[in-house]
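Colleague: Assemble the complex: chain A is given as a structure, and chains B, C and D must be docked to it using the hints.
Going down the list, the protein sequences come from chains A, B, C and D.
The first sequence: position 47 = 47 (the numbering used here), numbered continuously.
The second sequence: position 54 = 1054 (the numbering used here), numbered continuously.
The third sequence: position 49 = 2049 (the numbering used here), numbered continuously.
The fourth sequence: position 79 = 3079 (the numbering used here), numbered continuously.
Just so you know, the hints here were simulated from the structure itself, not pulled from any lab data.
Note that the structure is predicted; figures quoted are calculated from it, not measured.
Please note that a few of the clues may not be correct.
[Unchecked claim] Label pairs and their in silico Cβ distance ranges:
hint, chain 1, residue 1, chain 2, residue 2, range
1, C, P2075, D, R3042, 22 to 28 angstroms
2, C, G2050, B, P1043, 55 to 61 angstroms
3, A, P43, B, R1042, 17 to 23 angstroms
Where a beta carbon is used, it is the ideal one built from N, C-alpha and C, also for glycine.
Number of protein chains: 4
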Amino acid sequence: MTNAIDLDSARAILAAQPFSRLLGAEIGDYDEDGVTLVIPIRPELGQQFGFVHGGVLAYAADNALTYAAALALGPNVLTGGFTITYLRPARGARLRARARVTGATRRQAVCQCEIHAEDEDGESVLVAVAQGTTRAVDRELPSTES
Amino acid sequence: MTNAIDLDSARAILAAQPFSRLLGAEIGDYDEDGVTLVIPIRPELGQQFGFVHGGVLAYAADNALTYAAALALGPNVLTGGFTITYLRPARGARLRARARVTGATRRQAVCQCEIHAEDEDGESVLVAVAQGTTRAVDRELPSTES
Amino acid sequence: MTNAIDLDSARAILAAQPFSRLLGAEIGDYDEDGVTLVIPIRPELGQQFGFVHGGVLAYAADNALTYAAALALGPNVLTGGFTITYLRPARGARLRARARVTGATRRQAVCQCEIHAEDEDGESVLVAVAQGTTRAVDRELPSTES
Amino acid sequence: MTNAIDLDSARAILAAQPFSRLLGAEIGDYDEDGVTLVIPIRPELGQQFGFVHGGVLAYAADNALTYAAALALGPNVLTGGFTITYLRPARGARLRARARVTGATRRQAVCQCEIHAEDEDGESVLVAVAQGTTRAVDRELPSTES
Chain A
1 MTNAIDLDSA RAILAAQPFS RLLGAEIGDY DEDGVTLVIP IRPELGQQFG FVHGGVLAYA
61 ADNALTYAAA LALGPNVLTG GFTITYLRPA RGARLRARAR VTGATRRQAV CQCEIHAEDE
121 DGESVLVAVA QGTTRAVDRE LPSTES
Chain B
1001 MTNAIDLDSA RAILAAQPFS RLLGAEIGDY DEDGVTLVIP IRPELGQQFG FVHGGVLAYA
1061 ADNALTYAAA LALGPNVLTG GFTITYLRPA RGARLRARAR VTGATRRQAV CQCEIHAEDE
1121 DGESVLVAVA QGTTRAVDRE LPSTES
Chain C
2001 MTNAIDLDSA RAILAAQPFS RLLGAEIGDY DEDGVTLVIP IRPELGQQFG FVHGGVLAYA
2061 ADNALTYAAA LALGPNVLTG GFTITYLRPA RGARLRARAR VTGATRRQAV CQCEIHAEDE
2121 DGESVLVAVA QGTTRAVDRE LPSTES
Chain D
3001 MTNAIDLDSA RAILAAQPFS RLLGAEIGDY DEDGVTLVIP IRPELGQQFG FVHGGVLAYA
3061 ADNALTYAAA LALGPNVLTG GFTITYLRPA RGARLRARAR VTGATRRQAV CQCEIHAEDE
3121 DGESVLVAVA QGTTRAVDRE LPSTES
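The shape of chain A in the complex, shown without the other chains (with noise of 0.2 angstroms):
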């Protein structure tokens, strides 16, 4: 894709996310076959168990669907929703979110995303599976619909 956007506009969008900088999010790569988002994990993410927070897995989906999404579709995209499915509570040293495009129209591209917890010595563990519908918009700036 020629307009898709590169490692350091996506590095600088996330940078731009309030939200993605509260809770530590990075950009590990980003190139045609998809995007990792990296977050730490650090005992503020958890929930009453210790274990990472539901809510931190679906913020990774919901941002790495829609990375992946500006590979098919452009830099100007919307994420409509998405379904998160978990599948083992998440511990450790860090979350690596991946996803890729698994079909897209012009105007449209479906995404999966697959969510490890990874501990100190690199081992790494399924979480979480998302799946998302992301669209095309027009303009960069979205306005509220009504």
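Modeller: Relative to chain A, chains B, C and D alone:
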């Protein structure tokens, strides 16, 4: 439900979730008809255009759906996943995520959640809708299934 | 909605769907509050244990959600996808799939659907719940997007 | 998996589903990498514009996802629900629904399915993508949970 959690317990659980404290979530009400999770909107929760990040809405859905399921299933529950559809960009003074039980068996509940963005004058608009599935678990502390 | 379809039009569209005729689906009611699709249960709709096949419930959800969306968006709509959660095996005399609009913008509607299985005495039990997303399209005849 | 079903068993189960016979579904292949469900397209499976009805695609997803889950969980499984996203209207000679296991614990599998529509020349296009969740059950015959 005799074994469902009450408002005080619900607030105690939320207070025990570091990620919920990081986001500033509060439980507005919690009775047999459902639960309302309230999140004051502040710049740290935003995406690059100043709207609330989709991941915040997804967090709100995840948490509200799980609380609602406890109304049918008791306190020991595990949300297996959910679907969220975004309708409009969210901004204003606060988010209100209202979830209720749609249907349940003894072991499983399907809940639905509507998320409104509310401005300072109390005007609100529906910004996202979610549906989730939650199961009763036999023990309080989830271990890592494998 | 001035441009929403009425009961007669809804029935005419259903009659024009060979697959809906194959399944024996009928429109029970269709008004501003939603739509009810009724499917008499017969052996041909079963799975290997004699219950209604999940695919029949999924068909019912797909169709009922789309009809409900037309209440908000008018007759030219395209359902982009949906999520269905099964609660119980379905058997009895008929299925009733009731769908309504949960929220809508000018171009998009999120609808929810509850499917009950009803026996000869009119006793019914909730067997599945679904949520779908539908968009308004500019033309009546969808062409193959690419 | 030692306890997963083989191709012959898979075909026997499909033959025991009246609804699958009504739709004309066949199992194309079934090995450790996944399952392919094939449905010859015929007028009875259509909607009002001559394309394959979305409910047929949803049936295909439901069934293929369940078969795929049996690869990880063994023959006694129950699909709890799934999400389907439609990408393009489907027409041609046949549908091919290919499902595989994305991740699994001992008790639960998340599977994904891609549905292609194929014409007489073997040209195919992706028309829908689905993700489902399936659980192992302890008994072969599901009873009505309540």
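Colleague: Are the hints correct? Go through all of them and say.
Modeller: Here is what the structure says about each hint:
At about 27 angstroms, the beta-carbon gap between C:P2075 and D:R3042 stays in the expected band of 22 to 28 angstroms. Taking 55 to 61 angstroms as the suggested C-beta distance range, the pair C:G2050 and B:P1043 conforms, at roughly 58 angstroms. Evaluation of the 17 to 23 angstroms hint for A:P43 and B:R1042 yields a pass: the beta carbon distance comes to about 21 angstroms.
The structure shown violates none of the earlier numbered hints.
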